[in-house]
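The listed protein sequences correspond, in order, to chains A and X. For the record, in the first sequence the residue sitting at position 64 is 64 according to my numbering, with numbers rising by one throughout. For the record, in the second sequence the residue sitting at position 9 is 9 according to my numbering, with numbers rising by one throughout.
Honestly, I wouldn't trust all of these hints.
Derived DEER-like restraints, expressed as beta-carbon distance ranges [to be verified]: (1) A:Ala145 <-> X:Gln231: 42 to 50 angstroms; (2) X:Gln177 <-> A:Glu78: 18 to 26 angstroms; (3) A:Pro45 <-> X:Gly45: 41 to 49 angstroms; (4) X:Pro139 <-> A:Arg140: 56 to 64 angstroms.
To be clear, the hints were calculated from the coordinates, so they are not data collected in a lab. We treat Cβ as the ideally placed atom computed from N, Cα and C, and that holds for glycine.
As a plain string of letters, each chain reads:
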Amino acid sequence: MAQPPKAFQQVIDDFAFADRQERIEMLIEYADRFEEVPERIATRPFPEEHHVQKCESDAYVWAEDLPDGTLKFHFAVENPQGLSAKAWAVILDETLSGQPLEEVAAVPCDSVFTVFGKEVSMGKGMGLMGIADMVTAFARQRLAARKSPA
Amino acid sequence: MADIEARGYAHPEVLVSTDWVARHLDDPSIRIIESNEDPLLYPSGHIPGAVQVDWAADLNDPLRRDYLDRAGFEKLASRIGITPETTVVFYGDKNNWWACYAFWVFQLFGHKNAKIMDGGRLKWEKEGRPLVREVPTYPPTQYQAPERDDSRIRIFRDEVLKKLGTGVKLVDVRSPQEYSGERTHMPEYPQEGVLRGGHIPGARNVPWARAANPEDGTFKSAAELKAIYEQEQGLSPSDEVIAYCRIGERSSHTWFVLTYLLGYPNVRNYDGSWTEWGNSVGVPIER
Chain A
1 MAQPPKAFQQ
11 VIDDFAFADR
21 QERIEMLIEY
31 ADRFEEVPER
41 IATRPFPEEH
51 HVQKCESDAY
61 VWAEDLPDGT
71 LKFHFAVENP
81 QGLSAKAWAV
91 ILDETLSGQP
101 LEEVAAVPCD
111 SVFTVFGKEV
121 SMGKGMGLMG
131 IADMVTAFAR
141 QRLAARKSPA
Chain X
1 MADIEARGYA
11 HPEVLVSTDW
21 VARHLDDPSI
31 RIIESNEDPL
41 LYPSGHIPGA
51 VQVDWAADLN
61 DPLRRDYLDR
71 AGFEKLASRI
81 GITPETTVVF
91 YGDKNNWWAC
101 YAFWVFQLFG
111 HKNAKIMDGG
121 RLKWEKEGRP
131 LVREVPTYPP
141 TQYQAPERDD
151 SRIRIFRDEV
161 LKKLGTGVKL
171 VDVRSPQEYS
181 GERTHMPEYP
191 QEGVLRGGHI
201 PGARNVPWAR
211 AANPEDGTFK
221 SAAELKAIYE
231 QEQGLSPSDE
241 VIAYCRIGER
251 SSHTWFVLTY
261 LLGYPNVRNY
271 DGSWTEWGNS
281 VGVPIER
């Protein structure tokens with residue numbers, strides 16, 4: 001059974017030991033590094049199949065195939081106040097893009113609760129899990145396609 | 001949206017515009033207070049000079065299900081550098097939902113000079129006004145608060161129970177799915193542990209956010225609000241009204257609207273709300 005990428009696990013561990021203030025500061029640093037999906041991948045209006053269900057921040061996820069068979073993840077967050085979604089998108093991109101697909105598929109979506117802690121108890125948990133869900137689903141799709149070539 | 005004064009409110013002085021706030025940023029008699037649901041918003045940028053009051057960390061008792069007591073309120077007031085004379089202006093995310101909640105808690109301690117910035121964070125941001133990350137500090141103050149008054153604008157379960165059938169008007173401000181009992185939590189919010197779904201018998205359902213304009217978070221005009229609460233739901237200013245939701249936060253928004261914008265003198269917030277009622281043994285429920 002594959003484990004999530006080490007870089008991802010490292011970030012989760014960092015958050016697990018952060019207090020409320022540190023957690024907020026770390027999340028804002030991540031959110032500050034957010035870059036929207038480049039135009040070569042997608043332009044508005046974004047297609048509905050990339051839209052994360054149940055996300056109040058109106059998030060979208062894309063997976064770009066890299067030459068080595070791994071994926072580069074791209075995101076859009078349409079709600080300008082969707083800082084949590086942006087921070088989470090940066091964490092996922094920085095730790096999962098370019099990683100072996102088996103490891104990406106092994107990421108547990110409920111890691112959201114370690115990263116966001118109690119702060120997520122109202123509202124955002126479902127949407128953030130939905131973002132992670134879509135990322136891992138892209139990895140699973142590619143793995144399945146490899147096993148049964150069309 | 002028309003100017004606040006032109007919207008026909010009973011007490012227009014409780015609302016200030018983003019313009020007004022922008023003109024009073026350096027006024028020492030005024031303290032701007034941000035209250036949000038999302039804890040990342042204030043540290044990521046706020047109105048210059050604004051302090052943060054957090055609904056969970058500052059306004060709730062850390063142990064019991066209750067609000068802070070007099071000593072806690074005095075400590076909070078000292079931290080944000082206000083005296084009983086300071087005009088506090090609340091604003092926040094989600095159509096000022098949490099700002100109204102903070103406003104309501106401040107009224108439990110009778111802080112008279114309190115206002116809401118119409119449109120909240122959303123309108124300020126949409127207008128491209130400045131947001132800063134610097135957290136201001138103000139010299140601590142001495143604030144002598146009265147004991148918390150739970151009788152005027154707050155109501156407890158047993159009193160709600162006694163009032164049933166006496167002509168009291170209950171306003172359930174939750175979503176239609178929560179009101180009908182189809183759900184016991186807000187759509188897209190996690191389940192927070194209520195055993196029974198439905199509503200308090202006789203309650204009308206007016207989701208709280210209907211009082212706000214979604215595009216900029218401002219409050220609807222008095223005429224639009226009357227169309228909802230009076231023509232559609234049959235409330236009138238002489239009614240005794242009890243508003244409730246799930247834990248008493250969304251209903252503080254409706255309390256604010258009915259009390260200040262429509263001038264109803266007798267509105268109370270049942271903050272025990274559905275998480276108390278729906279878990280209570282033997283209380284009547286309607287579906």
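Results for each hint:
{"no.": "1", "hint": "A:Ala145 <-> X:Gln231: 42 to 50 angstroms", "verdict": "violated, 58 angstroms"}
{"no.": "2", "hint": "X:Gln177 <-> A:Glu78: 18 to 26 angstroms", "verdict": "holds, 24 angstroms"}
{"no.": "3", "hint": "A:Pro45 <-> X:Gly45: 41 to 49 angstroms", "verdict": "violated, 28 angstroms"}
{"no.": "4", "hint": "X:Pro139 <-> A:Arg140: 56 to 64 angstroms", "verdict": "holds, 58 angstroms"}
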